[in-house]
Amino acid sequence: MEKSQWYIGAPNGVVLCVENMEGSQMKGCFYHSYSMEAVPFHSVDQLLFELERFYDSMNFPYSTVNGRSFQKNQKTGNSGQGRSKIMSDENLLSKHGELGTFIVRVQHRQNSSWQGRITWMEKNKTLYFRSIWEMIKMIASALDTVSKQEDEPDEQSWD
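With this note's numbering, you'll find the sequence shown wraps up at 163, consecutive numbering, no jumps.
Just so you know, not all the hints are guaranteed correct.
[Stated by the list, open to error] Lysine-lysine pairs mimicking DSS-like chemistry, simulated, CA-CA at most 25 Å apart:
| # | residue 1 | residue 2 |
| --- | --- | --- |
| 1 | K31 | K129 |
| 2 | K152 | K129 |
| 3 | K99 | K152 |
| 4 | K127 | K31 |
| 5 | K141 | K31 |
| 6 | K152 | K127 |
| 7 | K141 | K7 |
| 8 | K129 | K141 |
| 9 | K129 | K76 |
| 10 | K31 | K152 |
| 11 | K127 | K99 |
| 12 | K152 | K141 |
| 13 | K129 | K7 |
[Unchecked claim] Beta-carbon label-pair distances, calculated as ranges:
| # | residue 1 | residue 2 | range |
| --- | --- | --- | --- |
| 14 | Q111 | E26 | 28 to 34 Å |
| 15 | Q29 | T130 | 24 to 30 Å |
| 16 | K141 | S88 | 31 to 37 Å |
| 17 | D93 | I140 | 20 to 26 Å |
| 18 | N63 | K141 | 44 to 50 Å |
These are calculated hints, taken from the structure and not from any lab test.
Treat the numbers as computed from the prediction; the structure is a model and nothing was measured.
For glycine and all other residues, C-beta sits at the position ideal for the given N, C-alpha and C.
From just these sequences and the hints, can you work out the full model?
Rendered as structure tokens:
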């Protein structure tokens, strides 16, 4: 299979590995270039909070909406200065999840949401998303396709 869509392409690119689904709860981890350790998540909510924390720590893509807090002098991010890549893109792209693997590239954080592109590595397909909700629906749709193939092995798969 040609892997033409397999690239990180941005300092904030992550490889999202979905390990399993328990009911509607997606579980897995994601990897980024600035750590050898995976960032685990046990729900979609936790995934989004961890990704947002990662983007805030880099201040990339720059958020056009400031977070609010009742605490004094709370900083959100260190502008990404002093960070150096620890994991190569090749090593990142070698990570895979049991149910699915996705390369997430958030290009903008505008209108209190994210815009970017996502690549489903198993199918080598890239789609653009205009919101966090749209990105989550794309992942869920891909995982639903995988689970239907497992349940009905004789059926033709969607391409």
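Hint by hint, here is what the structure shows:
1. K31 to K129: Roughly 22 Å separates the two Cα atoms, so the pair holds.
2. K152 to K129: Given pair K152, K129 holds - Cα atoms ~19 Å apart, limit 25 Å.
3. K99 to K152: holds, 24 Å
4. K127 to K31: Between K127 and K31 the Cα gap is close to 20 Å, so the pair holds against 25 Å.
5. K141 to K31: holds, 15 Å
6. K152 to K127: Holds - the C-alpha atoms of K127 and K152 are around 15 Å apart, at most 25 Å.
7. K141 to K7: The given pair, whose Cα atoms are some 23 Å apart, holds under the 25 Å limit.
8. K129 to K141: At roughly 15 Å apart (the allowed maximum being 25 Å), K141 and K129 satisfy the hint.
9. K129 to K76: violated, 45 Å
10. K31 to K152: Status holds; Cα separation ~18 Å.
11. K127 to K99: holds, 15 Å
12. K152 to K141: Roughly 16 Å between the alpha carbons, so the hint for K152 and K141 holds.
13. K129 to K7: Holds, at about 9 Å.
14. Q111 to E26: 28 to 34 Å: holds, 31 Å
15. Q29 to T130: 24 to 30 Å: Given a distance of about 26 Å, which is inside 24 to 30 Å, the answer is holds.
16. K141 to S88: 31 to 37 Å: holds, 35 Å
17. D93 to I140: 20 to 26 Å: The hinted range 20 to 26 Å holds for D93 and I140, with Cβ atoms some 25 Å apart.
18. N63 to K141: 44 to 50 Å: 27 Å Cβ-Cβ, so the 44 to 50 Å window is violated.
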